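Asks: Next come the chains, spelled out residue by residue.
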Amino acid sequence: MKKISPSDGSLKQSFYHWKAEKYDKALKKASSKKMEHTTISGKKIKELYTPLDLDGFDYMKQLNFPGEYPYTRGIHPTMYRGRLWTMRQFSGFGTAEDTNKRYKYLLSHGQTGLSVAFHLPTLMGIDSDHPLAQGEIGKCGVAIDSLADMEILFNEIPLDKISTSMTINAPAAVLWAMYIAVAEKQGVSPKVISGTIQNDILKEYIAQKTFIFPPEPSMKLIVDTFEYGSKEVPKWNTISISGYHIREAGSTAVQELAFTLRDGIEYVEWALERGLDVEEFVPRLSFFFNAHNDFFEEVAKFRAARKIWAEVMKERFKAKDQRCRWLRFHTQTSGVSLMAQQPYNNVVRVAIQALAAVLGGSQSLHTNSLDETYALPSEEAVTIALRTQQIIAHESGVINCIDPLGGSYFVEKLTDEMERDAKEYIRKIDDMGGMVKAIELGFPQKEIADSAYLYQKAVEKKEKIIVGVNDYEMEHEPIPTLKIDETAAKQHLTRLHDVKKTRNNAQVAEKILDLKKAASDEQNLMPYILSCVKTYATLGEIMDSLREVYGEYQEPVKY
Amino acid sequence: MTGEKIRVLVAKPGLDGHDRGAKVICRSLRDAGYEVIYTGLRRTPDEIVNAAVQEDVDVVGLSILSGAHNVLFPKIMDLLKEKGVDDIAVIAGGIIPDKDIPFLEKIGISKTFLPGSSTQEIADWIKENVRKRQ
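One line per chain: the protein sequences are U and B, in this order.
For the first sequence, the positions run 504 to 1062 when the numbering used here is used.
For the second sequence, the positions run 7 to 140 when the numbering used here is used.
Chain B on its own, in the form it takes in the complex (with noise of 0.2 Å):
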């Protein structure tokens, strides 16, 4: 049994090695309470879709800053909904226009955090948003 912490995979898929925002991130979930795993840095959406179903996840935060978001992202939700765990929660952050938001919507990602977020906002989002899955 893992407990009843809500279990968080911090992922970085692209090519860009940025991971300042993911390893900050990732600290201040720790710190508010949850279970977090990083995967580390350019992970392919099969690499992050196989760790979110064996790390049995409740939410997947995506964070990517190389602009490859619109061709990355709905491969990683086709593949959640491939494996039948489209229940997990999807959130995501980085260098993400205001314009491509709509579309990451669109594609069941539940929320956009742009630069500026706070990792309090993101804790609290999980919080109200997140539950356990059965």
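Just chain U, with the same shape it has in the complex (with noise of 0.2 Å):
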């Protein structure tokens, strides 16, 4: 495509004719409902794109070929001809045996990186025995206290080989520190195990909810993580900077593009005034994005985001590097989108999502199982998942060519809007002060509540339609879904217990004190916290001790 300037009347005089005269003529004759046609984020499409929306397109400066600046049709050069994504599904329930099993089977099958879901208490940094606790061992993820879980965990899984990404946000530091700890034990140097922690605490406010401490000392614990990764574990993600939630908790694409971009941008800031080198921790900060429903939308938010992050990386911060200036992100299909009705249409919603995150370049996928909607996945259900990601990449032929979808007048013109849309986001959080100041607000929080009851409200008004639940209903039977008994937090709490006893427990109080006092000396934790860990010191011991020094948060309640 050479630059397309439509200053040809011609096309212009064409196609208000073609529009005027077949087009409205032709729709007033159709059947079909009038209806608005709008993208699943409420956004208005025309009914065609031609040259004419692309007036004073610039292939070079917009585009530019996969692996060049801008990077908006991919950030390597040959692309899934070079490698194909990281198939790699988000796991864990039950005890670290059973997640260990699970693992093992799902590697045996073709997965080709590790993904541990935590569970809850362990999320928010309690252990097992906490009161908080009850009910939730094992549910939502697996249960971890200390390094005697991790060590099970990872079990005869080479840590030199595989991959981890690990779903842990206020307590990431300290899981961070057990999984170096296995891989010691294993015999494997911190300097080439490679994976991810989420790490990612922006969003916890505006979305997740699993915060622990206040947002400056969280800061502070992230910007640690950084500069000790840089050095110590280079080949490690120190963060995944997540718009997968804040689209969960119901906001719109361009949201969801705009905040996680702004929430990276605050990173990098905090990064900067503690005196680290854009040049050494940029390279090793990854993002994690949703593919929801609607195909185009969606295609087009990734392409924006690289976009916009190479533009932000080069004249925000005058990153040099060209790994600064790439988005690496990984995907996961959208949870909310899975419906409860008739739940074996859930793997086709799974495709489509799927498609659009390899058509939109991911470096990494989790596809969710037909079954979520009702409890974690069986071992079925997440087979088709992961089997859904293989027949793209085998039989559907997407991969042959990098970026397919570029130069699709409609695919870039609706790129050019997100990108436009979310800098305009981006700007008005400059305006506020930066992204903690704008938490403090409520304005992400306030503006993703709105649009979760906008949708809700179009879809109860048949606005949108949901095949299934507001229309197209019938009966179904119930489907088999995954039970975790109590039998597992039995097992785990035997073991926490065991693990409490047999330790030196005055070398655990000895190495917590030196944590207390190093976080109150305003140092870097990350060595004080691997010490703690390798003592068996558990989780809720150590957080308790960061507790005591940087407080809680306590969030607003509003609705």
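For the record, the hints were derived by calculation from the structure and aren't laboratory data.
Only a predicted model underlies this, so the values are computations on that prediction, with no experimental measurement involved.
Quick reminder that beta carbons are idealized off the backbone N, C-alpha and C, glycines included.
The reader is advised that the hints may include incorrect statements.
To be verified - Take a look, some chain B residues computed to stay more than 10 Å from chain U by CB distance:
(1) Y44
(2) E61
(3) H75
(4) L85
(5) D92
(6) G114
(7) E134
Unchecked claim - The calculated lysine-lysine pairs, modelled on DSS-like cross-linking and capped at a C-alpha distance of 25 Å, are:
(8) K993/U to K105/B
(9) K117/B to K964/U
(10) K960/U to K133/B
(11) K964/U to K133/B
(12) K549/U to K964/U
(13) K965/U to K133/B
(14) K607/U to K549/U
(15) K532/U to K967/U
The task is to assemble the complex, starting from two chains supplied on their own in separate frames and drawing on the hints.
Replies: As structure tokens, then:
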């Protein structure tokens, strides 16, 4: 496509003629309901896109080639011809033994990376014997309290060969330290292990709500991991800046894009404040987006994300190394789009969403299982989800050509508009004084709650159709689901009890005290946390010591 | 006096932070003419029942997505009985498998709304089934 400048008046004339004489007239006669054509985010879409929509479009400036700035078409020159995306199913339930077994199952069936789902007590930084953990042990993920659990979780999984993503935020530094300690026990140096900790606290305040400390100490702890990682664990992604949860909480596609990238900017600014060098830590920042139902809107979102981030790094932060300018991202299909009604239809939704992620150039992908509106996935359901990715990779042919939707009038226009609208939000948050300030004002939280409400109303007015829910309804038989009974909790609690009895408790107390002192002195806490976990100090003990220094965040109750 | 409006406590037991549904329901019930009180996240059974008593509500809506409903809901129902306020109607929603519903009915949960339920359905159910407590 050469530079398109439809100065040729005849194209414009022809278009308006077609629109008035052909399209509008035919539409009047058409029997279909007159409905507003909008994306799932409520964005209006025109009936047809032509070169007229891309006035002034400059291929080299806006797209360029894959692997070339601004990376709209992909961060690598070869994309999936060089290497497929990592198929990484988020997984964890019951005890460490249960989940270790599931990991081995997934790896033996072609999964290429691990992704740990921790149970809620771990996400909240409390031990399984805490009163608030009642009924929660092993339910939403795997129960991990100490290094003893972590050793079992990765038993017989070679950490020098497998990369692992861990969805952990407020206590991320502690779980990362446990992983490093397990690797060392396997004889694997921290220099060679690879993986990701989510470690994104901003989106917790905004959307997912598993926060512990107030924003300031939380940001400090995250910058500690950037600093430690770039020196000691150089192949590790120290953060996965996440739009996923923002979208799940009800945001539009543009809000997901804008808030996520603005979070990214916030982390970079806080790290610069510490005196870190952009060129050293930014290459280890990674991103995580949602793949929702609206196919083209999602593809445009991924493409716009790469372009905006590249520009932010080049212009705003003056980053030279191209690895700083690459927006590398993981994608998960949309959990909220899955329906309890006629659940087998979810397989189709997931396939469409996964395809959008692949056509958007994702580096890794999780596909949801059909039964997840009921429970954590069964082995059968998760296998279908993994097979969905394999079918896209090996049967659909979409990987043959890089960025195959590039050059589509519609997709390019949508990508441009996404970029424009996201930048507008980013400017607004800049004006508020940054994301921490915006969160304190409740700005992103309110924007998201408003969007969620509008969408629900649109569904209830049938302006948006959900198959099997507000149209095409029918009765269906219940499907089999995974049941996690209380025996997992009992087994797990026995181990926690044994660990506390058999470890050197004097040593634990000493290391915890060192950590507390370091926290009060504002030192980098990573080495201290690592020393703690090696004594089998529990997550709850470590986090409690930091709670005493940092305090706890209280969210204002609003709706 | 609190007037004639039916008072609803929307409560989040369990450790999960998924409040999208709870918040949408709060707004919708408010728009439908109910008096709505929201507890905020991660409330213990004690805190929820105390709030129900203090706010003198007619119905409690429990929203949970963590999978701990079979452990936490019975505690809430027991506490309501203990405090002599088991005439408060209790409804629930979230990630709850079909097969758990008979158990929830047995312990006195009047109705469980699964994902995909409309806010209108919930508002209508309250209108038809809940009366102002004396």
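Asks: Determine for every hint whether it applies to the structure shown.
Replies: Evaluated hints:
Not every CB of chain U lies more than 10 Å from the CB of Y44/B, the least distance being 5 Å, so the non-interface label is violated. E61/B, annotated as away from the interface, keeps every beta carbon of chain U farther than 10 Å; the closest lies near 13 Å. The Cβ of H75/B does not lie farther than 10 Å from every Cβ of chain U; its closest approach is about 8 Å, which violates its non-interface assignment. Once the 10 Å rule is applied to beta carbons, L85/B is consistent with being away from chain U; the minimum gap is 14 Å.
No Cβ of chain U comes within 10 Å of the Cβ of D92/B; the nearest lies about 21 Å off, and the non-interface call holds. Residue placement check: G114/B keeps its beta carbon more than 10 Å from all beta carbons of chain U (closest about 18 Å). Every C-beta of chain U lies more than 10 Å from that of E134/B, the closest at about 18 Å, which supports listing it as non-interface. This hinted pair checks out: K993/U and K105/B have alpha carbons roughly 23 Å apart, not beyond 25 Å.
At roughly 24 Å between alpha-carbon atoms, K117/B and K964/U fall within 25 Å of each other, so this suggested pair holds. Distance hint between K960/U and K133/B is fulfilled; the C-alpha atoms sit about 19 Å from each other, no more than 25 Å. The hinted pair formed by K964/U and K133/B meets the criterion: a straight-line CA distance of about 20 Å does not exceed 25 Å. For a cut-off of 25 Å, the pair hint linking K549/U to K964/U stands: about 22 Å separates their Cα positions.
With a C-alpha separation of about 23 Å, the suggested pairing of K965/U with K133/B holds against the 25 Å cut-off. Restraint check for K607/U and K549/U: not satisfied, since their Cα atoms lie roughly 48 Å apart, outside the 25 Å limit. For the given pair, K532/U sits about 23 Å from K967/U by alpha-carbon distance, which is consistent with the 25 Å threshold.
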